[in-house]
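Protein chains in written order, with this note's numbering: chain D, 249 to 526; chain C, 249 to 526.
Bear in mind the hints are in silico, worked out from the structure with no lab data behind them.
Don't take every hint at face value.
Same chains, same label: a pair holds when it works inside one copy or across any pair of copies.
[Unchecked claim] Okay, derived cross-link-like pairs now, SDA-like style, lysine to any residue, Cα gap no bigger than 25 Å in a straight line:
1. K274 to Q507
2. K469 to Q282
3. K452 to E345
4. K339 to S523
5. K274 to E290
6. K339 to A260
7. K339 to N521
8. K452 to D485
9. K469 to G356
10. K274 to G445
11. K274 to A260
Protein chains: 2
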Amino acid sequence: MRNLNQDTITQAVIARFAQTPEPRLKEVVTNLVQHLHAFARETHLTEAEWAQGIEFLTATGQKCDDQRQEFILLSDVLGLSMLTVAMNNDKPQGCTEATVVGPFHVEGAPHYALGADVANGAVGQPCLVRGRVLGLGGEAVPNAVIEVWQADAAGNYDVQYADLAGHRARGVLRSDAEGGFHFRSIVAEPYPIPNDGPVGELLKATRRHPWRPAHLHFMIKAEGYETLTTHVFRNGDPYLDSDAVFGVRQSLVADWVQQPDGMFSLDFDFVLNPSSHD
Amino acid sequence: MRNLNQDTITQAVIARFAQTPEPRLKEVVTNLVQHLHAFARETHLTEAEWAQGIEFLTATGQKCDDQRQEFILLSDVLGLSMLTVAMNNDKPQGCTEATVVGPFHVEGAPHYALGADVANGAVGQPCLVRGRVLGLGGEAVPNAVIEVWQADAAGNYDVQYADLAGHRARGVLRSDAEGGFHFRSIVAEPYPIPNDGPVGELLKATRRHPWRPAHLHFMIKAEGYETLTTHVFRNGDPYLDSDAVFGVRQSLVADWVQQPDGMFSLDFDFVLNPSSHD
Numbered sequence: 249m250r251n252l253n254q255d256t257i258t259q260a261v262i263a264r265f266a267q268t269p270e271p272r273l274k275e276v277v278t279n280l281v282q283h284l285h286a287f288a289r290e291t292h293l294t295e296a297e298w299a300q301g302i303e304f305l306t307a308t309g310q311k312c313d314d315q316r317q318e319f320i321l322l323s324d325v326l327g328l329s330m331l332t333v334a335m336n337n338d339k340p341q342g343c344t345e346a347t348v349v350g351p352f353h354v355e356g357a358p359h360y361a362l363g364a365d366v367a368n369g370a371v372g373q374p375c376l377v378r379g380r381v382l383g384l385g386g387e388a389v390p391n392a393v394i395e396v397w398q399a400d401a402a403g404n405y406d407v408q409y410a411d412l413a414g415h416r417a418r419g420v421l422r423s424d425a426e427g428g429f430h431f432r433s434i435v436a437e438p439y440p441i442p443n444d445g446p447v448g449e450l451l452k453a454t455r456r457h458p459w460r461p462a463h464l465h466f467m468i469k470a471e472g473y474e475t476l477t478t479h480v481f482r483n484g485d486p487y488l489d490s491d492a493v494f495g496v497r498q499s500l501v502a503d504w505v506q507q508p509d510g511m512f513s514l515d516f517d518f519v520l521n522p523s524s525h526d
Numbered sequence: 249m250r251n252l253n254q255d256t257i258t259q260a261v262i263a264r265f266a267q268t269p270e271p272r273l274k275e276v277v278t279n280l281v282q283h284l285h286a287f288a289r290e291t292h293l294t295e296a297e298w299a300q301g302i303e304f305l306t307a308t309g310q311k312c313d314d315q316r317q318e319f320i321l322l323s324d325v326l327g328l329s330m331l332t333v334a335m336n337n338d339k340p341q342g343c344t345e346a347t348v349v350g351p352f353h354v355e356g357a358p359h360y361a362l363g364a365d366v367a368n369g370a371v372g373q374p375c376l377v378r379g380r381v382l383g384l385g386g387e388a389v390p391n392a393v394i395e396v397w398q399a400d401a402a403g404n405y406d407v408q409y410a411d412l413a414g415h416r417a418r419g420v421l422r423s424d425a426e427g428g429f430h431f432r433s434i435v436a437e438p439y440p441i442p443n444d445g446p447v448g449e450l451l452k453a454t455r456r457h458p459w460r461p462a463h464l465h466f467m468i469k470a471e472g473y474e475t476l477t478t479h480v481f482r483n484g485d486p487y488l489d490s491d492a493v494f495g496v497r498q499s500l501v502a503d504w505v506q507q508p509d510g511m512f513s514l515d516f517d518f519v520l521n522p523s524s525h526d
């Protein structure tokens, strides 16, 4: 194990992981080493580039706090998040499709009664959101836990405001006996992902725009069903075909319709996949 | 660019980087996306594993400060550092071989006159280190900047002590008119790499030992020559064949010899590669 060179080091490193007791960890780390080394070898990574990579990853980690997750953002813009979602959510036809969770889901959102205004002061055009939570067989799913969150009209989630006390445009509701839900919020607008950190620098250097099409996040949990993490995207948005995080599903695109009284409304039903082990 | 799945997303992400103006950045990021996605696809990475990976990278970044570089440590234990060194230091026969810089090189080491004791109070068996800096043609290299650093007998570098004022077992010297240098320090001992962070958890979970064979770091800079970053390893060390960071070169192994007066001595000459563009 001396004098390792670029032709011998990969197998030597993999051999060093041979005693890993957990087979899945061994499989993942072995594959990771193979691809990490192949990346360095195929690009003939220089020592200066290696050092830049170390600096980039360090800065990405240090940008994270309890309100900001820059590594999720990095995973999102590299398409790794959506690839992972796609591989793990191959649901039966008829189920609502999943998409990325994104970096702005946080624990501790306030609970609201049906009909409440989850905007809680967030700026935007008022709207009503209505729908039902159903099972794959068409059955109502009562008492489902429905978590919603979205950016305001300025393009910011509540947690992006340093000095905001309490949550805005974010809340948890429960479906009624017929699986129905309704709440007030604000109309979703397109916004740029946070670009004041390392991920923003990467997008600038590669001339990629940071925009996401307008969307409303949902995470729906109900006993006997798989958890659904998804968005509803707004029809007509100019970024539907170039989402910075590759998350758009045509089946999730819907209309926020302006009513005669000026109020917007969105109607969307969710269909959950039964758990295989419940 | 809607409804991307695991078969189509990789090309879509690569296409999004198509406008990158700097060709090298485009090449590196394209290759990175290919291998990152292949890793996820081949392991069929689950959403829980993806989240664990995000947490691991975040914790690794947050463990870094101006005295600790956990991402270099991660690169080291995955063999990426040594692979990069090996690819970029294919020097002519006769030159001293390079090895990893490691996570404990810091700027601002104190300057010493030849003959000084760079230990500066670090605990260990005293020793004298002597040698010459030469060019590939055998010529003396005067006035070379020789930076040295090492762990103490307890296995710690100075920067690992939270409350240590000033540097220990770390210094910068200059070679004399004949390329010669000599200084006092302490005998190198084997030590475990820091294992109180995410990298330590990885080593524990994979049953890898954290030990490095005893070594003394050198970084040598001289006008007209390529910078040499290397170690001298101690002959007879039990970890020479299982260095936790894969850095051992047989040509860098030497004896610390105990003299009749009890003092140890190490003699080692360094041969620099002329710069191609000086």
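Right, here's what the structure says about each hint:
1. Proximity of K274 and Q507 under a CA criterion of 25 Å is satisfied in neither setting, with 57 Å inside one chain copy and 47 Å between copies.
2. Taking the shortest alpha-carbon separations for K469 and Q282, neither the intra-copy value of 37 Å nor the inter-copy value of 34 Å comes in at or below 25 Å.
3. In this assembly of identical chains, K452 and E345 lie within 25 Å of each other by CA distance neither inside one copy nor across copies; the values are 31 Å within and 39 Å between.
4. Taking identical chains as interchangeable, the C-alpha atoms of K339 and S523 lie at most 25 Å apart only when both belong to the same chain, with a minimum of 11 Å there against 60 Å between chains.
5. For the homomeric pair K274 and E290, the shortest alpha-carbon distances inside one copy (24 Å) and between copies (14 Å) are both at most 25 Å.
6. For a Cα distance limit of 25 Å, the shortest separation of K339 from A260 across copies, 22 Å, qualifies, whereas the shortest one inside one copy, 40 Å, does not.
7. Taking the closest pair of Cα atoms, K339 and N521 come within 25 Å of each other only inside a single copy of the chain (7 Å); across copies the shortest separation is 60 Å, beyond that limit.
8. Within a single copy, K452 and D485 get their C-alpha atoms as close as 22 Å, which meets the 25 Å cut-off; across copies the closest is 49 Å, which misses it.
9. In this assembly of identical chains, K469 and G356 lie within 25 Å of each other by CA distance solely inside one copy; the values are 15 Å within and 55 Å between copies.
10. Only between protomers do K274 and G445 lie at most 25 Å apart by alpha-carbon distance; the minimum there is 20 Å, versus 33 Å within a single protomer.
11. Taking CA atoms no more than 25 Å apart as the test, K274 paired with A260 passes inside one copy only; the shortest distance there is 14 Å, against 30 Å between copies.
When each numbered hint is compared with the structure, violations occur for hints 1, 2 and 3.
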